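Undergrad: So the chains spell out like this:
Number of protein chains: 2
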Amino acid sequence: MSSPNQPLDLTVDGGTLTARLVDFPSVSGEETALADAVEAALRAYPHLTVDRFGNNVVARTHLGRSQRVVLAGHLDTVPIADNVPSHVEGDLLHGCGTSDMKSGVAVQLRLAATVVEPNHDVTYVFYDCEEVEAERNGLGHLFATHPDWLAGDFAVLMEPSGAVVEGGCQGSLRADITLTGVRAHAARSWLGDNAIHKAAEVLRRLVDYTPRRVVIDGLEYREGLNATRIDGGVAGNVIPDECRIHVAFRFAPDRSLEQAEDHLREVFDGYQLDIADASPAALPGLSQPAAQAFLAAVGGEPRAKFGWTDVARFSAHGVPAVNYGPGDPNLAHKREEHCSLSAIAEVEERLRAWLTA
Amino acid sequence: MSSPNQPLDLTVDGGTLTARLVDFPSVSGEETALADAVEAALRAYPHLTVDRFGNNVVARTHLGRSQRVVLAGHLDTVPIADNVPSHVEGDLLHGCGTSDMKSGVAVQLRLAATVVEPNHDVTYVFYDCEEVEAERNGLGHLFATHPDWLAGDFAVLMEPSGAVVEGGCQGSLRADITLTGVRAHAARSWLGDNAIHKAAEVLRRLVDYTPRRVVIDGLEYREGLNATRIDGGVAGNVIPDECRIHVAFRFAPDRSLEQAEDHLREVFDGYQLDIADASPAALPGLSQPAAQAFLAAVGGEPRAKFGWTDVARFSAHGVPAVNYGPGDPNLAHKREEHCSLSAIAEVEERLRAWLTA
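The listed protein sequences derive, respectively, from chains A and B. The UniProt record's numbering puts the last residue of the first sequence at 357; the count rises by one with no breaks. The UniProt record's numbering puts the last residue of the second sequence at 357; the count rises by one with no breaks.
For the record, the hints were derived by calculation from the structure and aren't laboratory data. Quick caveat, the model's predicted, so the values are computed rather than measured. Backbone N, C-alpha and C define an ideal beta-carbon position, used for all residues, glycine too. Treat the hints with care, as some may be off.
[Claimed, not checked] Among the chain B residues that face chain A by a calculated CB cut under 10 Å, a handful are:
id: 1; residue: I196
id: 2; residue: H197
id: 3; residue: P211
id: 4; residue: A227
id: 5; residue: V238
id: 6; residue: H246
id: 7; residue: F249
id: 8; residue: F306
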């Protein structure tokens with residue numbers, strides 16, 4: 001394990017660089033040291049301009065190409081779970097952030113340092129606080145304060161995707177339904193009005209609901225509507241006067257946020273719905289010329305992205321975006337998180353081919 | 001307000017004595033001082049023997065009558081809510097325990113002191129910890145350790161009943177139903193199995209349930225089956241793998257505890273039911289000769305008791321028992337608790353008539 005105080009060496013291979021980044025703890029909110037190191041390392045390359053805002057670093061080429069593409073990744077990780085420093089077993093690099101997403105960041109840094117004359121101008125974005133509340137998200141802060149730094153014709157978010165292109169992302173809408181009744185002692189229940197019993201009808205609608213499947217740009221999206229929390233009751237011997245149900249709707253990117261909300265209100269017609277959280281979906285945009293060129297270069301069969309990712313932020317600003325990274329999405333946030341070294345090398349090689357074809 | 005350190009004077013009227021008892025704080029677990037005072041006051045009367053176990057005091061006449069009746073009441077109150085010392089407004093005595101049930105205890109003490117030659121032998125029981133967990137209940141401790149002290153042909157529990165005879169009490173059975181599923185991210189809900197959605201069927205059965213009404217000894221009992229608590233869920237974006245429903249069944253005294261449990265298992269056939277709490281019902285026993293004589297003496301139209309009370313403990317030991325006390329059951333445990341002074345006098349007068357007829 002190299003010391004966090006040593007400068008980052010971007011000439012080592014992607015696996016070694018990933019290990020170096022993993023050994024540089026950067027839990028959300030504590031990214032300053034890593035952002036400093038990334039900034040310092042990139043400033044050593046004269047073919048890049050480097051800008052910084054908070055713990056967000058943006059490096060760009062300025063070759064006057066007709067198109068500009070963006071490679072973006074977040075510097076933060078979820079809290080460490082006894083899985084730092086990293087260690088290698090065969091082809092696997094183990095440790096917090098190996099998949100989500102320091103392997104992707106390592107590929108970005110390698111390409112930034114070594115692809116001196118790309119065929120498109122390239123913007124490399126490194127940002128903080130992706131793993132926490134949306135208001136703290138560094139990419140969101142950059143779009144709010146320096147949208148020009150993020151301008152481009154196409155973006156690749158290097159979130160773990162198993163080295164497969166994942167198009168767009170589903171939207172997410174969460175809402176609370178509060179059922180009310182009248183409290184009474186359980187011994188005289190007919191004097192009350194049981195709020196928990198009223199949940200029967202709400203839950204029946206959820207059970208009877210058939211989630212939609214829809215194909216967009218050749219990718220199949222699967223929606224889902226679920227109660228994710230329920231709670232009600234005062235005491236074991238009291239007829240409850242309140243029951244709260246939290247509902248999560250994940251919707252395909254052919255619905256706008258507004259349409260998704262209208263649909264939810266239709267399903268729960270007759271109930272008051274309080275929206276708790278709303279994130280728009282992102283269309284895959286795979287029919288865009290920039291995306292087509294990217295798909296041709298990296299190969300493989302693209303698939304739909306179900307989880308919400310920051311591609312939706314690019315999409316909302318008119319930049320088509322896909323997820324493509326070496327990490328394994330199923331290992332993200334897990335104690336046993338790891339990443340295949342060969343996947344890191346493969347993703348770097350394919351992106352290099354795309355940027356230098 | 002008289003000092004708690006002064007001995008209890010049982011020659012004052014019932015309302016004054018109630019005020020004296022209210023001003024003697026005795027929240028559950030803190031009854032020692034009041035039990036001491038009650039014991040000392042009763043020992044002054046040579047027509048009574050007095051026994052003590054813990055903070056439970058039992059005073060008895062031994063006149064060799066053919067029948068023995070029991071008058072029982074608890075010394076403890078729920079926590080004081082800024083409503084001690086007591087104060088009088090017109091006919092109302094305000095304060096913690098005025099209704100539940102120091103007014104009943106005052107009547108017991110007055111009768112014990114002044115009815116020197118009753119027509120039945122009389123046992124006066126004063127016990128602790130009625131307002132807390134069943135295992136701490138003083139009457140239960142007496143039945144377990146000194147059942148001979150509680151022997152009798154008929155018992156009157158002086159719980160608040162609005163000066164109306166309330167027969168028997170309903171039983172109470174509480175159970176937990178735990179629904180399980182498989183956790184998954186809400187973005188890929190089809191990989192999970194939503195435990196909250198399974199509550200729909202359980203709640204439907206509750207909504208469809210028609211509680212029984214049954215007449216026993218001329219009194220109508222109304223059963224009730226309710227969910228009193230529900231909770232489930234892990235996080236807003238996780239398909240939940242567990243949902244728990246707490247069910248309260250209040251049943252009429254023509255069902256034994258075992259029959260009540262069988263019924264509950266029938267209603268929730270297919271679900272695992274974990275019994276959390278079980279208290280048997282008590283038959284009103286109004287057809288018993290001792291009860292008939294009591295009813296004739298105190299008058300009024302008896303009604304069914306819905307809430308569970310310690311009459312069930314007497315009933316379980318073969319002693320028919322009713323509730324009859326001056327307090328207002330709807331004011332029990334409330335900050336604004338109060339009791340009518342004329343009801344205290346009326347209940348004392350009627351019981352005196354019964355015991356001296």
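Undergrad: Hints first: check each against the structure and report whether it holds.
TA: Against the structure, the hints come out as follows:
no., hint, result
1, I196, "holds (4 Å)"
2, H197, "holds (5 Å)"
3, P211, "holds (8 Å)"
4, A227, "holds (4 Å)"
5, V238, "holds (6 Å)"
6, H246, "holds (6 Å)"
7, F249, "holds (9 Å)"
8, F306, "holds (4 Å)"
Hint compliance for this structure: every hint is met.
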